[in-house]
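Protein chains in written order, with this note's numbering: chain U, 1394 to 1785; chain F, 8 to 334.
Just so you know, these hints were derived from the structure itself, not from any lab.
Be careful, since some hints might not be right.
[To be verified] In silico DMTMM-like links for lysine to aspartate or glutamate, alpha-carbon gap of 20 Å or less:
hint : chain 1 : residue 1 : chain 2 : residue 2
1    : U       : Lys1489   : U       : Asp1538
2    : U       : Lys1592   : F       : Asp28
3    : U       : Lys1623   : F       : Glu36
4    : F       : Lys117    : U       : Glu1777
5    : U       : Lys1547   : U       : Glu1773
6    : U       : Lys1566   : U       : Glu1514
7    : U       : Lys1592   : F       : Glu24
8    : F       : Lys202    : U       : Glu1514
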Amino acid sequence: MAVLIVERRAKVVQRKRAKSKSSTASTNGSAGSALESLEKHSVVKPVDISVSFPGYPAGSYNHRDLGLTDETVLGIYHTMLLQRRFEQRANQMYGKQKIGGFLHLYIGQEAVSAGTAAAIEIGKDSVITAYRDHGIALALGMSADECMAELFGKTDGCSKGKGGSMHFFSREKRLFGGHGIVGAHVPVGGGIAFAHKYKGDGGVCLAFYGDGAVGQGGIHEAMNLASLLKLPIIFIIENNEYAMGTATHRAFGHTEFTHLSVGYDIPASQVDGMDALSVCKALQDHIAMAREFQPSLLEIKTYRYLGHSVSDPQKYRTKEELDQKKEDDPIIRMKAYVIDEGLADNDALDLVDTSVKKEVKAAVDFAENSETPDLEKIFENVYEENDYPFLA
Amino acid sequence: MAVLQFREALRAAMTEEMERDDTIFLMGEEVAQYNGAYKVSEGMLDQFGPERVIDTPISESGFSGLGVGAAMNGLRPIIEFMTWNFSFVAIDQILNNAAKIRYMSGGQFKVPIVFRGANGAAGQLAATHNTSVESIYATVPGLKVVAPSNPDDAKGLLKASIRDDNPVVFLESEVLYGMKGEVSDDKDYIIPIGKARIAREGKDITIVAHGNVYWRAMNVADRLVEAGYDPEVIDLRTIRPLDINTVTESVRKTNRCVIMDESNPFASISSEVAYQIQERVFDHLDSPVIRVTAKDTPAPFAKNLMDHYMPSEEDAYQACLRAMYVT
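Work the whole structure out from these sequences, hints included.
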């Protein structure tokens, strides 16, 4: 059993208002000093949450300590590279108008999905996520072929061309979607976890959502229900710092998302999402808790390199910020780790890249050659019945 | 057969189905310890225990979504809304997730779930607590919408809904929960979804209704009989899929139709039925189809205004006479 470094409870203490808060208040001039004067005489004081949650920093874990084989680490490297090459090619295909609709790319966040896949039991545990879903699909072992075909709207796509980029599903890999309405899938994740517990099948549910989704009410309802019903679920905030173009500090009065767990009495931690091994370790710990029906919250600090979608001019952030973030690239980090640990040399890893590129190229060919759905398929899978009386 | 209240018929349906299939569970506000806000689930906690009859906090979005996820992962949830008015804070879970996940997943995940509770007007509750939701949910492909008018239909249709592999919106009526009627005690008593019922056969005019307002339609029919006419009354029972054939066959015979509907009139079930009648049997109509609906306003509070808001039997009676060119 992994060392439990996730705290059971957080302590909330009130003390004198922190300096940063008073400086915020005093920007309001006399209003700030009026407030300070009020505080002197009032029983109610501004909140200062003094609570620390454990973190899983980057560069802190060796795969052997996590129980991962050398092959698994090479697999992590492979899937991260596959995700990146897949999406680079998808971006190109979007430019060529081979792909329509929205295309939300995951590039920069690959360590999250790769670390996750290394920590769960694929086929037993369940995953549900938002619309930036290509990375986790590939990490779970869905083929580049079926994923690319879905982007192309083809019948061999993982959702038969009915879902598109935002709605990848796989019953076999237990990927419960791919969901386009921000935050709306998180209560669904609670239900998936509920069914795991009800059936006693030992599985747990990982519900991923972005920092933007934290503002949605359904997430809070789901956390409360999970706490009450003791559901085997991990609420996972993939905090890439921007909800579309809105930075977290412009969307939330309090941006320490781990603190949310206090209100629902569930444990929480934070992990550096640029290191797949850190993500894996964090999830191993959280999954161990979930298997004992202790729900928890995990904030993964990550960053997306590209825009919210491919049509995003990204005027809300600076090039300097982006360049600085790219310096801690998850794939470069893993490559260095693999070489340092002597798991493979540079030449061998170049071969991985060559084969991944080939795989992605083949996926594009597969998608090109796959059939578009027959027009009568528009009526298929609306209902269970094939003879449902649709209006003509 | 046994004489049961509407609520008891619903309870019998849920209880029998839960005895038959242990993947079925009931979840909602006050369904367990309180025995149901309208006592529909009375005694079910004692029989099935807290793992299968589950009280929730007031979190419609949360527990509706939970139901959808549980259904995707192999269970058959019954989610109770205390009233359908409260479903609006969970509407995304119903019309996006429950209705569309089968489609968007290319058929990989089905969502066998029943959302049920009290629908429609229930007296002086003012505008937010008197909504008839049928047209809102019936417009969404992927959902089935069922609205029984009597205890026997309530049992047979609820059992059918629980056994259905699609998400079903099951609309009860608060004012009918105490109504008594003969109910089948057959453990496999299923009334198929999508079949209307000819409640009274006649040849002069067709009156279409469903749910609570069906009883107003029957009163109108009684008055017409007293006046020497022979009306036919159709209880739709299911809103989606709509059994339009039963309606059009009737109109072919009577050549006249009045639709009674408790919903607001704009883009409602009555407008859909009227449209489909003219589309399919226009040549058989001897007069325009007339709708008698709730007023096109929010539901008011004052008693006289609320009475005026509801589709009245007098208006429907007069509409029938007009359709028959008597007045």
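- Item | 20 Å limit on alpha-carbon distance, applied to hinted pair U/Lys1489 and U/Asp1538 | 18 Å, holds
- Query: Holds or violated: are the alpha carbons of U/Lys1566 and U/Glu1514 at most 20 Å from each other?
  - Reply: 10 Å, holds
- Query: Within 20 Å, alpha carbon to alpha carbon, are F/Lys202 and U/Glu1514?
  - Reply: 46 Å, violated
- 20 Å Cα cutoff - pair U/Lys1547, U/Glu1773: It holds: about 15 Å lies between the C-alpha atoms, which stays within 20 Å.
- Holds or violated: are the alpha carbons of U/Lys1623 and F/Glu36 at most 20 Å from each other? 18 Å, holds
- Query: Hey, U/Lys1592 versus F/Glu24, does the alpha-carbon distance stay inside 20 Å?
  - Reply: It holds: about 18 Å lies between the C-alpha atoms, which stays within 20 Å.
- Query: Given the hint that U/Lys1592 pairs with F/Asp28, does the C-alpha gap stay at or below 20 Å?
  - Reply: 13 Å, holds
- Query: Straight-line Cα separation of F/Lys117 and U/Glu1777 no greater than 20 Å?
  - Reply: The hint holds at about 8 Å.
Violated hints amount to a single one, hint 8; each of the other numbered hints is respected by the structure.
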